[in-house]
Amino acid sequence: EAGVAQSPRYKIIEKRQSVAFWCNPISGHATLYWYQQILGQGPKLLIQFQNNGVVDDSQLPKDRFSAERLKGVDSTLKIQPAKLEDSAVYLCASSDITDTQYFGPGTRLTVL
Amino acid sequence: AQTVTQSQPEMSVQEAETVTLSCTYDTSESDYYLFWYKQPPSRQMILVIRQEAYKQQNATENRFSVNFQKAAKSFSLKISDSQLGDAAMYFCAYMQGAQKLVFGQGTRLTINP
Numbered sequence: 001e002a003g004v005a006q007s008p009r010y011k012i013i014e015k016r017q018s019v020a021f022w023c024n025p026i027s028g029h030a031t032l033y034w035y036q037q038i039l040g041q042g043p044k045l046l047i048q049f050q051n052n053g054v055v056d057d058s059q060l061p062k063d064r065f066s067a068e069r070l071k072g073v074d075s076t077l078k079i080q081p082a083k084l085e086d087s088a089v090y091l092c093a094s095s096d097i098t099d100t101q102y103f104g105p106g107t108r109l110t111v112l
Numbered sequence: 001a002q003t004v005t006q007s008q009p010e011m012s013v014q015e016a017e018t019v020t021l022s023c024t025y026d027t028s029e030s031d032y033y034l035f036w037y038k039q040p041p042s043r044q045m046i047l048v049i050r051q052e053a054y055k056q057q058n059a060t061e062n063r064f065s066v067n068f069q070k071a072a073k074s075f076s077l078k079i080s081d082s083q084l085g086d087a088a089m090y091f092c093a094y095m096q097g098a099q100k101l102v103f104g105q106g107t108r109l110t111i112n113p
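Quick mapping for you: the protein sequence lines, in order, are chains H and P. Residue numbers for the first sequence follow my numbering, so the first one is 1 and each next one is one higher. Residue numbers for the second sequence follow my numbering, so the first one is 1 and each next one is one higher.
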């Protein structure tokens with residue numbers, strides 16, 4: 001069974017530029033999560049989707065971050081404009097009927 | 001809000017020996033899940049073990065086992081016969097229902113050959 005796929009693996013941008021990350025969950029997983037992991041910390045949830053609906057986006061900085069999950073499968077997370085403090089690893093996860101979350105390899109974002 | 005605390009930023013153990021990583025959490029709920037995830041330098045979070053709060057029996061997965069003390073809100077991970085491949089950051093996490101994971105700060109485990 002294929003795992004959670006994410007791309008790109010690395011991205012370097014300058015502040016005020018925009019960036020987008022892509023995630024493809026494990027086949028059949030209805031719930032998809034985006035987490036932000038700042039160096040030296042545990043991941044923190046940005047947004048949770050159930051199929052193509054948003055369940056929790058309370059920690060998403062909506063003035064600059066947006067996310068969508070069209071057709072209830074793939075998801076895209078966008079940052080526009082990026083700030084220095086957005087430098088982090090962005091992790092995508094999906095969960096099965098047991099609610100166990102499985103993570104992708106992550107995207108390391110560096111904002112200069 | 002639920003919180004998870006890992007009081008050991010770093011731990012080290014000799015290869016083939018046993019090590020225990022500590023985790024405490026705070027919640028007013030009675031039904032929830034607890035997890036240990038491993039994050040090697042590759043950054044991918046890998047599930048190590050899962051515990052349902054309603055189960056009194058401690059979860060076990062091969063060399064990994066937990067000591068779940070619900071009243072004390074403690075959830076420690078024991079790694080037996082440590083191997084070089086066990087070296088990683090270990091995160092304890094709490095989840096209620098089909099909701100977000102709340103992670104601790106992590107413990108960096110080093111295995112000495």
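FYI, nobody ran anything at the bench for these hints, they're computed from the structure. One or more hints might be untrue.
[Claimed, not checked] Computed footprint of chain P on chain H; a stretch qualifies when at least three of its residues, placed anywhere within it, have a C-beta under 8 Å from a C-beta of chain P:
#1 16-25
#2 66-73
[As the list claims (entries may be wrong)] These stretches of chain P come out as covered by chain H in the derived footprint (C-beta under 8 Å, 3 or more residues):
#3 33-44
#4 79-85
[Unchecked claim] Quick list of in silico lysine-lysine cross-link-like pairs, DSS-like style, CA-CA up to 27 Å:
#5 Lys83/H - Lys11/H
#6 Lys70/P - Lys44/H
#7 Lys44/H - Lys78/P
#8 Lys44/H - Lys73/P
#9 Lys15/H - Lys71/H
#10 Lys78/H - Lys15/H
Note that the coordinates shown come from a computational prediction; the quantities given were computed from them, not determined experimentally. Glycine included, every Cβ here is placed at the ideal spot set by N, Cα and C.
Hints, one by one, checked against the model:
Coverage of the region 16-25 of chain H by chain P is violated. Counting CB-CB distances below 8 Å, 0 residues qualify, and the rule asks for three or more. Residues of the region 66-73 of chain H with a Cβ under 8 Å from some Cβ of chain P number 0, which does not satisfy the need for three, so the listed coverage is violated. Taking a C-beta to C-beta cut-off of 8 Å, the region 33-44 of chain P contributes 6 residues in contact with chain H, enough for the three needed, and the coverage statement holds. With 0 residues carrying a beta carbon less than 8 Å from a beta carbon of chain H, the region 79-85 of chain P misses the three-residue requirement, and the given coverage is violated.
Restraint check for Lys83/H and Lys11/H: satisfied, since their Cα atoms lie roughly 14 Å apart, inside the 27 Å limit. Between Lys70/P and Lys44/H the CA atoms are separated by roughly 24 Å; this keeps the pair inside 27 Å, and the hint holds. With a CA separation close to 25 Å, the supplied pair Lys44/H and Lys78/P stays within the 27 Å bound. The suggested pairing of Lys44/H with Lys73/P holds, with an alpha-carbon distance near 21 Å, which does not exceed 27 Å.
The straight-line distance between the Cα atoms of Lys15/H and Lys71/H is roughly 31 Å, outside the 27 Å bound, and the hint therefore fails. Between Lys78/H and Lys15/H, the direct Cα distance comes to roughly 14 Å. Compliance with the 27 Å bound is thereby established for this hinted pair.
The earlier numbered hints that this structure contradicts are 1, 2, 4 and 9.
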